[in-house]
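Participant: Sequence:
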Amino acid sequence: MIGTGRRIKDESPPVVFFGGYDPLYPRNSIIRKGLERIGVVTGECRASTKRKVHTRYPVLAWKYLSGKKGKILFVPDFRHKDVPLAYILSRVTGGKVVFDPLVSRYETRVLDRGDASDGSAQAWHNRNIDRVSMSLADLVLADTGAHANFYSSEFKIPRRKIETLYLGFDDEIFRPAPAPPVEKIVKVLFYGSYLPLHGVETIIEAAGLLDSHTLEITLVGGGQTFGQVKERANGLRDGAVIFREFMSQNELVETISRSHIVLGVFGTTPKTGMVIPNKVFQAMAVGRPVITAGTPAIEEIFRPEHDILTIPAGNPKALADAVERLAEDGGLRNRIAENGSQAVCDRFNPPRIAEKLLSLLEHEGIFISSTFDR
Numbered sequence: 022m023i024g025t026g027r028r029i030k031d032e033s034p035p036v037v038f039f040g041g042y043d044p045l046y047p048r049n050s051i052i053r054k055g056l057e058r059i060g061v062v063t064g065e066c067r068a069s070t071k072r073k074v075h076t077r078y079p080v081l082a083w084k085y086l087s088g089k090k091g092k093i094l095f096v097p098d099f100r101h102k103d104v105p106l107a108y109i110l111s112r113v114t115g116g117k118v119v120f121d122p123l124v125s126r127y128e129t130r131v132l133d134r135g136d137a138s139d140g141s142a143q144a145w146h147n148r149n150i151d152r153v154s155m156s157l158a159d160l161v162l163a164d165t166g167a168h169a170n171f172y173s174s175e176f177k178i179p180r181r182k183i184e185t186l187y188l189g190f191d192d193e194i195f196r197p198a199p200a201p202p203v204e205k206i207v208k209v210l211f212y213g214s215y216l217p218l219h220g221v222e223t224i225i226e227a228a229g230l231l232d233s234h235t236l237e238i239t240l241v242g243g244g245q246t247f248g249q250v251k252e253r254a255n256g257l258r259d260g261a262v263i264f265r266e267f268m269s270q271n272e273l274v275e276t277i278s279r280s281h282i283v284l285g286v287f288g289t290t291p292k293t294g295m296v297i298p299n300k301v302f303q304a305m306a307v308g309r310p311v312i313t314a315g316t317p318a319i320e321e322i323f324r325p326e327h328d329i330l331t332i333p334a335g336n337p338k339a340l341a342d343a344v345e346r347l348a349e350d351g352g353l354r355n356r357i358a359e360n361g362s363q364a365v366c367d368r369f370n371p372p373r374i375a376e377k378l379l380s381l382l383e384h385e386g387i388f389i390s391s392t393f394d395r
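Under our numbering, the letters of the sequence shown match residues 22 to 395, in that order.
Derived from the structure by calculation, the hints contain no laboratory data.
Warning: the hint list may mix true and false statements.
As the list claims (entries may be wrong) - Here are the simulated DSSO-like cross-link-like pairs (lysine-lysine), alpha carbons at most 30 Å apart as the crow flies: (1) 102 x 84; (2) 102 x 208; (3) 338 x 208; (4) 89 x 182; (5) 182 x 205; (6) 251 x 338; (7) 54 x 377.
To be verified - Derived CB-CB ranges, DEER-like: (8) 109 x 272: 13 to 21 Å; (9) 46 x 82: 38 to 46 Å; (10) 214 x 279: 18 to 26 Å; (11) 380 x 266: 22 to 30 Å; (12) 257 x 46: 28 to 36 Å; (13) 88 x 349: 22 to 30 Å; (14) 355 x 76: 50 to 58 Å; (15) 367 x 105: 37 to 45 Å; (16) 234 x 46: 45 to 53 Å; (17) 205 x 143: 45 to 53 Å; (18) 141 x 174: 32 to 40 Å; (19) 367 x 346: 54 to 62 Å; (20) 229 x 143: 30 to 38 Å; (21) 196 x 324: 56 to 64 Å.
What you are looking at is a predicted structure, and each value in this text was computed from that prediction instead of being measured.
No residue lacks a Cβ here, since even glycine has one placed at the ideal position from N, Cα and C.
Given only the sequences and the hints, what does the whole structure look like? Please build it.
Facilitator: Structure representation (structure tokens):
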């Protein structure tokens with residue numbers, strides 16, 4: 022049992038999740054479940070994600086000031102605009118602000134999705150929101166060391182103020198499952214929201230180089246580049262790729278379990294090199310070998326050829342070769358899968374993520390040892 026000796030003495034929740042966030046989003050759910058499983062009481066001060074700032078702020082301020090005050094206001098992913106209010110409330114009540122942005126608005130909207138050109142007013146606006154929100158927080162969390170370095174250099178945030186907390190996975194949902202037997206067809210799976218960082222067009226081009234009679238490539242999801250990807254797929258032979266819409270979480274877990282190989286991300290935008298997507302942790306936890314772009318972020322915690330296979334980003338020939346290699350070598354497929362599953366199940370389940378978070382907070386003096394009975 023991990024961390025069962027820690028119990029909070031104070032009756033008020035030491036960590037209050039704050040903002041207009043989605044409590045079911047994997048990052049939030051993993052951290053909160055992990056904290057509760059190691060005995061840390063958490064609170065919630067939440068407004069609807071549909072509320073704009075001018076209506077969200079009054080709701081959040083009233084809820085927080087009229088309820089139990091936490092030692093930490095934990096502002097979850099994507100809630101950059103809620104940090105200024107958390108900062109003001111923390112200074113009134115003597116708390117601290119921990120911001121877990123997960124992404125930079127500038128990086129996502131400008132560098133990855135291309136919603137606005139670099140140097141435009143929108144680019145400046147999003148950079149400024151990133152800079153202000155990270156500057157006001159007492160501690161900023163990054164999902165990889167590469168992302169932490171980007172936040173520091175791009176927005177002039179002191180590097181000592183940023184700590185790395187990897188995404189991990191929910192072990193109540195994604196559990197090790199026996200690999201399906203290989204009969205005539207090896208099943209290859211990608212799932213995601215078709216962001217540029219995913220590089221789904223690379224998967225389509227790789228599919229054109231592979232034998233569709235021995236491989237079944239399924240793409241689950243939809244999003245920004247779906248139309249372009251579908252158009253490219255029209256040039257492939259029948260059966261080369263199967264498209265499926267977004268599915269329920271239970272159905273997704275079953276689909277992963279029925280697959281032999283899971284694909285990560287292959288985009289060539291800067292963001293690809295700074296993230297380890299949820300799907301990588303999830304597929305590994307289920308016990309499926311993962312192929313993804315070799316990036317600084319991936320190599321922070323995984324070992325290519327040991328617990329994951331990596332290829333150059335945006336290289337369909339290398340992807341096709343890697344898929345063929347795993348499809349034809351059952352021993353390699355099983356070894357990569359077993360090593361990957363062990364790597365994430367031992368180190369990145371919710372209690373481990375929560376223990377790491379507490380260590381970071383104590384190291385920064387945001388939590389102190391006397392807060393806990395050990």
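Participant: Taking 30 Å as the top limit, are the C-alpha atoms of residue 102 and residue 84 close enough?
Facilitator: holds (17 Å)
Participant: Please work out if residue 251 and residue 338 have their alpha carbons no farther apart than 30 Å.
Facilitator: Within the cut-off at roughly 19 Å; holds.
Participant: Between residue 367 and residue 105, is the Cβ distance one that fits in 37 to 45 Å?
Facilitator: Once the Cβ atoms are compared, 39 Å apart, the range 37 to 45 Å for residue 105 and residue 367 holds.
Participant: Please check whether residue 214 and residue 279 have a Cβ separation lying inside 18 to 26 Å.
Facilitator: holds (21 Å)
Participant: Hinted pair, alpha-carbon criterion (30 Å max): residue 54, residue 377. Please report holds or violated.
Facilitator: Answer holds: residue 54 to residue 377 is near 14 Å, not above 30 Å.
Participant: Checking one constraint from the list: CA of residue 338 to CA of residue 208, max 30 Å. Satisfied?
Facilitator: holds (19 Å)
Participant: Is 54 to 62 Å respected by the C-beta to C-beta distance linking residue 367 and residue 346?
Facilitator: violated (26 Å)
Participant: Assess, step by step, whether the Cα of residue 102 is no farther than 30 Å from the Cα of residue 208, and give holds or violated.
Facilitator: violated (42 Å)
Participant: Has the hinted range 56 to 64 Å been met by the Cβ atoms of residue 196 and residue 324?
Facilitator: violated (23 Å)
Participant: Regarding residue 380 and residue 266, is the given constraint of 22 to 30 Å on their beta-carbon distance met?
Facilitator: Since residue 380 and residue 266 have Cβ atoms about 41 Å apart, the given range 22 to 30 Å is violated.
Participant: Given a hint of 38 to 46 Å, does the C-beta separation of residue 46 and residue 82 actually sit inside it?
Facilitator: Roughly 23 Å apart at Cβ, these two residues miss the hinted range, so it is violated.
Participant: When you take the CB atoms of residue 234 and residue 46, is the distance between them in 45 to 53 Å?
Facilitator: This hint is violated: roughly 39 Å between Cβ atoms.
The earlier numbered hints that this structure contradicts are 2, 5, 8, 9, 11, 13, 16, 18, 19 and 21.
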